[in-house]
Amino acid sequence: MATESETQGSIPRDSGKGGPYRAGVRWVENLGDAAFAYLLLLPVFLLLGVIAFWPLLRTFEMSLHADALRSAEAVGAFVGLQNYTELLTGQRRSNLIRPFIPSVAINGAFPFIHVRNPFTTALTATFIFTIVSVFFETIIGFGQALVLDQDFRGRRWVRVAIIIPWAVPIVIQGMIFFLMFQPNVGFLVGGPGNQTFLQQLGVFSSTPLSTPRDSMLIVIVADIWKTSAFMALLILAGLQSIDRSLYDVAKVSGASKWQQFKMITLPLVFPTVMVAMLFRTIAALRIYGLIETVSTCNTVPSLSCLVVKSFGQRAYGTSAAVAFITAAIIGVFVTVYIVNFARSDMGGV
Amino acid sequence: MKAVGASGVAVGLAGCIYGDDSGGGGTTLKIASDSDLKDVQGKLNNWLHNAGLSKDITIEVLAGSSITDQRQQKYTQWLSSNREEPALLMTDSGWSIPFIARGQLLNLSENMSKTAKMVKNEYFEASVNTALDENGNLFAVPLYPDFPTMLYRKDLVKKAGYDPEGENWATKSMTWKRFSKITKEVMNQNSMKYGYTFQFKSYEGLSCCDFNEFISSYGGAYFGPLKNLFGPVGDRPITVDEKPVVDALRMLRTFIYGNNDPHALNGITGGIAPTAVLQWAEDPSLQPFTNGNAVMHRNWPYAINTAGAEDKLGKDLGVMPIPYGVEKSKAKYKGTGGPVAALGGWHVAINPNTPETEAAKEVVRTMTKEDVQFKLFQEIGWLPPRPSSLDSKRAKEVPVMGRYLDQLRIAGKNAIPRPVTVAWPQESSKIAQQANSAVGENGNPQKAMTNLKSQLKDIENSSKKN
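If you read the protein sequences in the order shown, they are chains A and B. Residues in the first sequence are numbered from 1 upward in steps of one, following the numbering used here. Residues in the second sequence are numbered from 1 upward in steps of one, following the numbering used here.
Hints in this document: simulated from the structure, not taken from any laboratory. All C-beta atoms, glycine included, are put in the ideal place defined by N, C-alpha and C. Incorrect hints may appear among the rest.
Said to hold, decoys possible - Computed beta-carbon distance windows for the label pairs: (1) 399/B <-> 196/A: 40 to 46 Å; (2) 168/A <-> 46/B: 42 to 48 Å; (3) 289/A <-> 447/B: 32 to 38 Å.
Throw the hints in and build the complete structure from the sequences for me.
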């Protein structure tokens with residue numbers, strides 16, 4: 001406050017002499033704390049508006065127009081929500097579809113999901129990928145973080161080994177897995193009479209990259225291989241921020257390792273794990289590049305595959321509708337996440 | 001479009017008379033192409049000038065992506081926003097028609113009728129057909145065609161007692177029955193890893209080409225008679241569930257799973273192809289052949305250059321037309337049957353928004369000169385687009401490819417274009433998926449084709465609306 005009064009004192013009271021700059025400074029200084037915070041956030045909001053909300057609104061606007069495959073125009077007439085209703089009801093069959101799970105099974109459990117509908121097929125594929133990969137990434141990442149948090153010889157080398165997959169570009173990673181399952185190159189798949197162990201166990205068919213179920217498994221494994229490291233790094237940061245004296249107290253009180261983990265580590269690292277899961281879930285819901293390089297969208301169609309392929313087919317209305325739905329799903333997910341976990345102090349998220 | 005063309009002529013003439021400011025007072029035209037053409041940009045200008053192009057006109061190659069879909073998307077953006085540059089565009093024969101249907105290329109029949117007429121008379125007919133509108137107007141000039149052939153190990157085939165030269169395999173196509181029998185025999189005799197390698201991955205190359213070729217060789221088709229290849233969308237029959245198509249798929253299953261497969265086709269010798277073909281595109285399928293692990297291999301002309309190189313198979317490489325299921329005379333649809341080869345290749349078209357229309361027309365006209373086409377054949381392996389060019393002594397002197405011109409000519413004459421319409425990009429992925437799954441381990445050809453028929457019907461109907 002002393003600084004404030006000094007600053008105020010330095011501005012001549014006989015206004016007009018200071019000019020607009022001084023008047024501006026005074027105006028800022030007179031703002032309340034909340035208003036000042038919003039003022040500082042204004043550039044960020046403007047930037048977000050330009051790079052996120054405006055394109056999203058444009059996408060929504062485009063999604064309300066018909067595809068114009070025959071005319072030189074980018075989109076056709078205004079059709080309201082027709083693209084959405086046709087996508088959801090399966091009338092819009094203009095894109096990818098390749099059921100990777102038996103339609104009978106899924107229709108039995110979830111009769112409202114029509115796997116013969118390109119959109120719901122993509123939605124199911126995306127959700128299965130997201131749930132399975134994020135689940136295993138969290139478990140493996142947590143395990144890796146716990147290991148890295150220990151003090152042992154060669155810890156640095158282990159850390160490098162864990163981080164390396166994260167540093168590999170997606171296309172290269174995709175090519176690695178693609179080649180591993182190429183019969184004349186890779187070692188994981190062989191022809192009849194020459195089947196590998198994994199094939200004999202029935203994990204893979206002889207053509208895993210053209211079999212939707214196998215390809216889905218490969219893409220999930222590839223994603224886990226790469227992004228567990230990301231989870232590990234985030235969770236490790238959370239682990240290292242825990243006050244070590246808590247463990248000392250616990251030890252003195254005679255707590256076992258498991259009790260220490262359950263009563264100290266888990267609750268304190270939980271918010272970080274939630275943040276890491278949030279990031280990974282958002283990324284998994286947008287999966288595209290890995291699929292395209294490993295087995296192509298023709299084999300494992302995800303929501304982003306639908307967006308890209310429809311765009312390539314010049315079906316801009318359809319593409320925009322799928323893109324908007326994908327963004328909306330992510331938006332709803334993020335909101336639910338934040339509302340549910342905000343109270344448990346998610347480190348500011 | 002006429003208005004654009006007329007104003008373009010006026011401005012173009014002004015450009016020629018007064019020149020522009022791109023250095024040297026001449027006109028520099030940009031052509032959207034790939035890095036192959038960019039590499040020979042300097043030479044290309046010399047070839048064009050030597051062939052009669054005005055010295056005031058220079059070509060600058062914009063080397064775009066070598067991935068055809070990406071080029072198509074780029075052109076869509078340029079032409080939809082009425083960009084004036086590039087003046088010239090190389091378009092894939094597989095997707096020129098959607099641009100033509102949307103009025104986004106200059107009508108060459110209207111603007112350079114003499115050249116258009118010559119191209120229609122002298123060039124490979126199948127190539128020309130992919131650059132015409134519904135009224136027969138030409139919108140792009142084929143620069144080079146691309147059609148596949150069957151590559152084989154001539155040394156091993158001879159060792160097995162066959163006489164490819166005496167039996168004239170180069171020009172006389174054989175049936176799939178005989179082909180499979182020979183392949184199996186040579187494969188077993190030499191303990192080869194693979195008999196026949198080809199591409200059957202679920203990708204664009206399957207629907208446009210491999211699958212199209214197999215079904216056509218049995219007299220089948222996607223949309224009935226060949227006159228329906230380019231439309232009318234929504235008003236043409238869908239014939240993918242007919243016997244010739246299903247027979248072709250059954251033959252493929254026999255190739256892969258042998259004669260005991262529940263869907264095997266009688267008369268075909270089984271067990272000659274690996275299941276791996278279901279996930280192979282061009283390069284992975286070529287590799288075993290060039291490594292000496294396969295007897296027969298289907299691929300594009302570039303593979304002849306690769307496999308016929310001295311450090312690979314050299315003169316042990318044999319090339320023949322693609323085998324057939326039924327003869328042309330017995331095919332259900334006219335134009336199918338016999339040694340059908342899927343058509344690829346690229347054209348050159350003029351951007352209707354260019355102010356340099358006259359100069360662009362002069363370039364296109366000069367590109368139709370045989371001298372320029374031969375230089376492109378020699379330098380980057382682009383086949384000349386006239387069947388007659390492949391008869392010449394000059395063509396025979398071209399290293400490697402020169403040895404197989406008869407086969408390429410036969411393939412060119414029997415080339416079948418993909419059915420490109422505004423609906424094709426959507427239909428293509430469905431066709432690839434169903435064909436691939438029909439030949440997959442637990443596939444069922446008839447069931448897959450019945451599904452495909454209903455999917456194609458939906459697309460045709462919805463594309464008809466918009």
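Ascending list of hint numbers which this structure does not respect
Hints that this structure does not satisfy do not exist here, as all of them hold.
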